[in-house]
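Trainee: Generate the whole structure from the sequences, applying the supplied hints.
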Amino acid sequence: MGMHRRSFLGLGVAAGETNAPPMTDELGFVLGSTPVAPEPRPKSRKRGAPLGIAAGLEAHATVLAEAEVKHVLRRCTFGAAPGAMDIWVGRTAQEMADSLVDFALASPLPDPPSWANEPIPGRGSTQDERRAYRDLSNEWLLEFRLDWMARMRTEGLRERMALVWHNHFVTGVSTYRYAVFAFRYVQMLRTYALGNLKDFVYAVGKDPAMLIYLNGIQNEAGAPNENYARELLELFTMGQTAPDGSANYTEDDIRELARALTGWLVSGTTLEAVFIQSRHDAGEKTIFGQTGSFGYDSVIDLLFEQRGEAIAHFVCRHLYESLVYAEADETLVSEMAALLMASDFELAPVIRALMASAHFHDPEGHGAQIKAPVEHAIALTVETAVQPTPQTLSVLQRTARLNGQSLLDPPNVAGWPGHHDWINTTTLPFRWFVADALMSGQGGTDVDLVPLAELLHDASDTEAAFRLPVRIVEHLIPAPVELLDIPEITDDFGGDLVNFPVPAWVNDAPPHVRNLAKMFLGGQPWYEWSPYVPGANERLTSFVRQVSQYPEHQLA
Amino acid sequence: MCHSDHNPGRRGSRLADGRAHAHDHHTWSRRDFLANVGLTAGAGTIALSGLPVRSFARTSMLQELASVETDRVLVILQLSGGNDGLNTVVPYRNDLYFNGRPSLAIQNSLAISDDYGLHPDMQGLASMFAEGNMGIVHTVGYPEADLSHFRSTDIWMTAGDGTQVPDTGWAGRYLDSEFPEYGEAPTSYPLAVQLGGGAPLMFQGPASQMGMSVQSMALFDRLAATAELYSLEGLPSSRLGGEMAFLRSVANDSFFFAEAIQTASDAGTNQAEYTAPNPLAEQLSAVARLIRGGLGSRIYHVSLGGFDTHAGQANTHATLLRYVSEAVTSFMADLSADGWADRTLVMSFSEFGRRVGQNGSAGTDHGTAAPLFLFGPSVKGGLSGSEPDLANLVNGNLSFGTDFRSVYSTVLNTWFGLGAGTTAGILGASFPGLDLFESGVGTGIGDAPDIPGSVTLAQPYPNPARDYVDLSFSMAQSSQARLEVFDMLGRRVQLVDLGHRAAGSASIRLDTSSLTPGNYLTRITAGGRAATSSLIVSR
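In order, the protein sequence lines correspond to chains A and B.
For reference, each letter of the first sequence is one residue, going 2 to 557 in the working numbering.
For reference, each letter of the second sequence is one residue, going 7 to 545 in the working numbering.
These are computed hints drawn from the structure, not numbers from a lab.
All the given hints hold, so there is nothing to weed out.
One-sided excerpt, in silico: chain B residues whose CB lies under 10 Å from chain A: (1) S154; (2) P192; (3) Q200; (4) P206; (5) M218; (6) S237; (7) P242; (8) S244; (9) G247; (10) E249; (11) M250; (12) F252; (13) R254.
One-sided and incomplete, this derived list gives chain B residues near chain A with beta-carbon spacing under 7 Å: (14) Q215; (15) S219; (16) Y236; (17) R245; (18) L246.
The following residues of chain B were derived to be distant from chain A, with all beta-carbon distances above 10 Å: (19) A273; (20) A464; (21) D473; (22) G505.
For glycine and all other residues, C-beta sits at the position ideal for the given N, C-alpha and C.
Mentor: Shown next as structure tokens:
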């Protein structure tokens with residue numbers, strides 16, 4: 002009670018008609034409407050203890066096994082593609098981390114969509130023009146969400162990190178509304194996702210979406226709005242308390258910081274942030290005990306000078322919680338923070354080190370994270386090597402929203418709480434529904450799982466019927482297959498077992514081997530299985546559907 | 007009265023028709039599921055045994071346990087998109103109305119008073135109004151109206167207002183107050199059910215989601231067909247083991263719920279005709295089956311979209327109102343066939359009304375206050391609240407006369423029998439009560455003599471219990487009574503014969519010292535009625 006579920010300006014995206022667009026004056030500056038200051042909701046704290054891994058940030062010593070390769074890909078991209086194993090198994094964790102980071106750093110930003118620079122109708126426009134723009138913008142927004150999801154499939158680490166930062170430097174499109182701003186915001190996240198944290202923080206505050214979302218455009222000399230200043234400290238950089246438990250800032254610091262950040266508006270024409278000297282409070286401010294006539298960049302410099310260690314800890318904790326486990330290991334966070342400071346706040350070295358570390362690769366962390374809805378949906382397409390049509394992506398986007406993750410629109414400025422909060426008796430069955438929808442080709446996707454079968458197991462193996470099902474389960478579920486609660490199937494295998502007896506090794510194998518094979522074959526003779534017999538694809542999709550309903554499929 | 011007395015006479019509801027023969031229903035749905043996942047084609051019997059079916063043996067016990075006597079049910083009917091109140095309850099003598107709507111004004115409304123008439127496509131509801139089973143509250147809204155669909159819908163679902171939106175739902179907070187241990191010891195049936203849609207904000211409680219959303223009855227079938235309880239034993243003590251236990255217990259809970267829903271849906275029948283096609287009738291006929299089938303859910307949420315009539319409103323709106331009228335009329339007739347209607351209240355809401363003056367596209371734009379509807383024999387029929395004042399508009403919109411939270415407050419106080427303090431806690435403040443129900447409805451749940459044959463069981467105290475627990479119950483009629491305790495596998499672990507007891511309230515102390523710590527269900531049965539409550543034993 003009393004918390005704001007969303008930080009709205011009182012404007013809905015598809016709201017249609019009577020929400021007047023933000024007022025635009027003759028200079029074309031979007032001034033926004035009456036702000037409703039969002040109050041951050043503390044993220045859920047029902048995580049339990051940290052993982053309790055002794056290993057630190059030192060590099061993982063042994064070469065990568067398959068489970069470790071999958072662990073990296075599940076956590077740092079969107080799922081483990083079946084073809085990736087051949088590339089990485091037997092190489093070192095450092096090689097893999099470097100390769101993923103270098104690829105992400107080298108890959109170009111996507112081209113702007115055709116509508117990226119369409120100006121927002123200003124004060125002279127008619128109601129019909131504004132409505133037409135809004136309708137178009139809502140279409141662009143959907144298109145942009147689908148483009149982003151499509152890139153998650155193909156771009157891996159870069160987009161994964163963009164999503165990690167979306168849940169750190171949070172904005173919500175319910176408030177800033179327009180697709181043109183959503184594009185700029187995400188492009189900004191991509192730009193700095195593995196860049197310099199200080200540059201990132203400079204850029205975030207001048208991002209149009211952020212200026213609108215946290216009322217930066219209402220922050221002017223003589224009438225400061227403290228919303229952004231407060232979240233900049235509390236949620237974006239240092240948090241309320243330092244690692245030693247002392248307070249990082251006072252209410253006076255927030256007030257003075259807000260003054261330093263005054264003067265910025267968003268142009269409805271160029272769609273960029275604009276500095277208006279007359280709106281800026283150029284007077285002296287005292288922040289963290291330092292006095293000066295701080296402006297935008299100089300005050301960010303001050304934050305990093307005065308509270309660099311706290312910032313490094315706070316941001317590294319978010320990285321850890323996003324990539325390793327929902328409850329941070331403070332010792333490891335300290336190691337990461339030290340590296341971040343030693344790298345002059347370059348993020349790439351920290352992400353490299355974390356991905357390659359003995360801590361990250363400790364088995365205790367494997368499978369201990371719960372997939373976010375978007376991750377669940379995209380990973381399923383990646384891990385089954387299914388290429389979704391735009392219509393199918395649209396289904397996945399909509400179902401992720403119904404499961405609590407509306408891309409570009411987190412519930413409030415604190416972001417998605419995640420982990421256990423994703424799962425309840427509504428969302429878990431609905432995730433099964435999502436997997437069903439994908440496997441049944443909803444949205445016109447051609448679901449061909451024969452390539453998956455070929456990549457996971459030698460297609461010429463005449464006993465593949467007993468080996469492939471286990472391989473599929475191991476591929477889709479990070480928990481060891483012997484731990485799964487697989488039902489005992491008492492009926493014998495189908496077909497002519499006199500002339501084609503089940504191989505002796507199968508009878509000696511653990512029960513899950515036989516039960517998964519029976520589940521997979523569904524009564525078909527084992528000796529007739531090959532990925533190339535008629536009905537092979539139906540059997541594969543049916544099996545993947547069943548596997549995706551194991552509770553452990555939600556883990557990463 | 008008792009649903010088990012009824013022969014499942016399927017009387018041609020559309021959903022029932024689709025399912026061929028009633029006695030084949032269960033088999034049919036299983037087979038349908040199997041066909042859907044491609045397991046029947048040439049697969050032989052092994053496919054069946056390949057399905058996890060271990061929990062089916064427990065179905066009957068779970069069904070019995072889930073068949074609690076529902077004291078009272080609230081069905082929330084959402085008219086999504088912003089219903090045009092003025093063309094629904096038409097001020098047919100008001101020139102300002104006709105002036106503002108040169109082409110959209112309703113000319114032939116069905117008079118329900120000297121000043122108001124219902125839209126001509128609401129014949130059924132006009133009759134219901136005449137019978138005194140429909141209440142209309144004029145100009146319901148809230149301060150600082152927000153005209154965004156999303157924001158305003160959230161406001162109605164959370165009982166916020168134009169300045170703040172809680173992050174939990176009002177119904178979720180109500181259920182949380184009634185079932186405080188729900189997060190740790192979930193019931194075997196969902197406390198609230200939403201037909202369609204995602205995670206229901208309205209049912210979000212402070213600690214857990216108190217409701218379950220289901221996409222369609224087909225999905226129930228699917229869940230029921232695959233229902234297997236996952237073992238919580240033998241998991242490693244690692245973090246992975248902990249996360250596996252968490253996910254498995256949520257999966258098990260949803261199996262319980264799905265099974266309860268499926269079982270109730272199979273056991274329940276429809277006793278009235280529903281028209282088709284009518285998306286709302288599909289949902290309400292399903293709700294009627296679930297109520298009659300004995301699912302213990304207290305609150306159902308159904309919705310009909312399409313009310314955002316910015317252009318070409320006349321035909322669209324007429325169709326939607328006909329859907330509402332026919333669906334609600336059938337639903338009430340259905341439940342009236344055996345007295346369930348007395349325990350059922352339907353309340354409508356829409357995120358806002360629409361602008362008084364029509365726009366340039368023969369439609370209406372987002373507005374503010376609008377009438378709210380209540381249906382059921384317990385409802386005090388008629389018009390109430392401040393009439394819309396078309397002479398004093400704010401930005402072309404009506405001022406609100408009744409805060410919607412006053413309606414919620416009255417429903418919680420009178421329908422669900424909460425105390426004023428509890429209600430104020432749920433809604434965040436006290437709101438004036440309204441005169442919405444027939445006299446006699448406002449008695450608390452603990453002693454509800456107006457419900458024939460009912461038996462109620464209060465929350466056990468203390469809970470968790472150690473060596474004993476006090477169970478307070480009340481019976482509306484004198485009869486034989488017994489008290490039972492079941493473990494979570496559905497096994498009866500205690501039976502106390504209470505003998506023949508007089509009507510009224512009583513409390514007994516139960517020795518729990520011999521019970522293994524864990525979750526239990528207590529059930530009291532009297533006069534063919536039963537009520538259950540969850541109990542935790544810990545030491």
